[in-house]
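Undergrad: As a plain string of letters, each chain reads:
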Amino acid sequence: MPLPCLLVDHPRYQEHDTGSQHPENPSRVEAIRQRLRSGPLKDRLLVRESAPASRAQCLAVHDESYLFRLEESCLMGLTAIDHPDNQIGYDSFEVALLAAGGGIAAIDLLERGEPGAAFSLNRPPGHHAESDRALGFCLLNNVAIAARHWQSAHGRRRILILDWDAHHGNGIQNIFLNDPEVFYISIHEHPTFSFPGTGFAEENGAKAGQGLTLNIPLPPGAGDREALEALECLVAPALAAFKPQALLVAAGFDGHADDDMSGLLYSTGLYGRLGIMTKRWGQACEGRVVSILEGGYHLESLAASVEAYLLGLSDD
Amino acid sequence: MYVTNYMKRSPVTARPDDTIAEVKTLMANHHFRHLPVVGENGRLLGMVTDRDVRSAYPSSVLDERHGKDELLKVGQTAICEIMSYEVVFLPAFATLDDALVLLDRHKIGALPVVDGRHQVIGIFSIRDLIRAYTILFGLGERGSALVGVKDDGRPRPLTRIVQALEEHDIHFSRLVRNKSGLSGGGAPAISIRVNTMNLRAVHQALEEVGFVIDPMRPEKL
Chain W
15 MPLPCLLVDH PRYQEHDTGS QHPENPSRVE AIRQRLRSGP LKDRLLVRES APASRAQCLA
75 VHDESYLFRL EESCLMGLTA IDHPDNQIGY DSFEVALLAA GGGIAAIDLL ERGEPGAAFS
135 LNRPPGHHAE SDRALGFCLL NNVAIAARHW QSAHGRRRIL ILDWDAHHGN GIQNIFLNDP
195 EVFYISIHEH PTFSFPGTGF AEENGAKAGQ GLTLNIPLPP GAGDREALEA LECLVAPALA
255 AFKPQALLVA AGFDGHADDD MSGLLYSTGL YGRLGIMTKR WGQACEGRVV SILEGGYHLE
315 SLAASVEAYL LGLSDD
Chain X
88 MYVTNYMKRS PVTARPDDTI AEVKTLMANH HFRHLPVVGE NGRLLGMVTD RDVRSAYPSS
148 VLDERHGKDE LLKVGQTAIC EIMSYEVVFL PAFATLDDAL VLLDRHKIGA LPVVDGRHQV
208 IGIFSIRDLI RAYTILFGLG ERGSALVGVK DDGRPRPLTR IVQALEEHDI HFSRLVRNKS
268 GLSGGGAPAI SIRVNTMNLR AVHQALEEVG FVIDPMRPEK L
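Note that the protein sequences, when read in sequence, are chains W and X.
Just so it is clear: in the first sequence, position 288 is 302 by my numbering, and no numbers are missing.
Just so it is clear: in the second sequence, position 215 is 302 by my numbering, and no numbers are missing.
Worth double-checking, as some hints may not be accurate.
Restraint-style ranges between C-beta atoms, simulated for each label pair [claimed, not checked]:
1. Q35(W) / G129(X): 54 to 64 Å
2. K237(X) / Q35(W): 17 to 27 Å
3. R171(W) / L245(X): 29 to 39 Å
4. Q224(W) / I222(X): 23 to 33 Å
5. I300(X) / C247(W): 27 to 37 Å
6. I213(X) / A250(W): 17 to 27 Å
7. E294(X) / G283(W): 28 to 38 Å
8. G53(W) / V299(X): 28 to 38 Å
None of these hints come from the bench; they were simulated from the model.
Yeah, the Cβ is synthetic: ideal placement off N, Cα and C, and Gly gets one too.
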């Protein structure tokens with residue numbers, strides 16, 4: 015029996031207004047919804063609604079002054095925060111709280127015993143957001159907030175975060191840099207070429223978290239072969255040695271060959287392989303796997319890749 | 088742009104009649120390898136390096152008693168005996184490019200910086216140069232990406248690129264045109280370090296004015 019596909023979504027994700035020209039726009043989640051509803055996953059889809067992350071849940075990751083600044087910027091009618099990349103509208107703060115709540119809702123569903131392949135279909139994305147600033151289309155660090163919730167609400171202390179978005183998740187890395195209980199692994203296009211310019215292989219954690227950051231940069235033009243090699247030779251052994259109690263996936267789909275936001279050349283099929291691998295890795299922590307949407311800007315390939323990933327994650 | 092922004096100011100200096108032992112201690116205490124030697128009014132006379140000091144001492148292969156006598160004698164020698172007098176220096180208005188050329192040409196690790204009266208006001212090392220260019224190139228900071236552009240051979244490519252980027256309010260910290268290509272020996276190539284994640288907007292701005300994006304893929308090994 016295939017697993018149900020637990021999709022945490024919210025209609026208000028459409029209301030984070032980034033303007034007419036921005037690659038991170040409401041069509042992204044809409045394209046995914048349509049694809050999942052009409053394709054081979056439609057009969058195993060369980061859609062749940064996200065709820066806003068609480069103040070305390072956000073404060074576990076972000077500075078209070080940044081949360082005030084973000085809220086004020088939206089309500090004052092500013093169109094961007096910290097950089098023109100980070101477009102905002104009047105509703106963006108509330109939508110960002112819902113996006114941060116997506117991972118939390120998925121975790122709570124799993125912990126309540128609902129079996130399934132859990133995926134938070136949220137926007138804005140989060141992995142570039144730092145504790146005190148927005149960066150790279152990201153306002154709140156959705157994955158980091160989810161990790162802290164898993165630890166504090168359910169006692170799953172040892173968490174592994176796997177990030178295969180084409181860009182390095184500087185926010186996640188910095189938030190957990192010194193943390194001995196959270197292992198951050200990222201496969202991304204090499205920082206010399208790719209935004210944000212962090213994630214060199216030499217960055218491997220600090221203090222008590224030394225060794226618990228693993229960066230695997232790939233050169234422009236790298237594709238399935240290079241990614242699979244990294245997953246099998248570097249990620250799998252690191253994961254097995256760390257023995258996490260829960261697995262969070264920062265699932266970005268902008269490494270796809272059709273996506274113009276990175277120089278990586280992944281196929282749709284690679285995301286299917288990632289789903290199968292992630293499911294296998296999740297079995298070592300009793301299926302506690304939550305995937306949270308990050309990037310992915312080519313609408314058709316984004317939707318097809320999410321579908322392929324979820325098929326891999328939920329198939330027998 | 089100027090070495091004075093990145094040099095070490097008011098550096099420790101030595102006098103020509105300081106002994107080798109004194110200078111050795113001074114260098115060890117401060118972890119210096121280059122010490123300007125100044126005369127009256129702080130004017131530059133020369134430089135003494137840790138290599139000059141080490142070369143002045145006898146070989147450690149000598150037998151112990153003989154070595155001890157030698158050591159004492161060398162230690163009491165004034166550094167004017169071992170320092171170099173024909174020194175290369177940087178004027179206060181020298182640029183980082185000037186420093187790079189001089190450090191490379193003379194194969195040295197640091198240069199004294201002097202004012203119009205030849206008084207030593209700073210010392211500028213290869214480390215300082217690396218730090219300066221890292222900052223100037225916007226390297227190691229969060230928030231940038233590198234975009235390659237094919238040189239189409241038409242006139243004024245850099246002007247057209249800058250104009251296109253500025254019209255779209257796309258910020259960048261570095262624009263380099265390399266005549267022999269990114270890997271050397273190839274066709275001319277242009278690279279831009281842009282301060283944005285929105286590469287789609289960068290590509291569009293450049294393609295609108297007729298450029299072709301270079302994916303900058305390394306050669307397959």
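Undergrad: Check the structure against each numbered hint from earlier and tell me which ones fail, lowest number first.
TA: 3, 6
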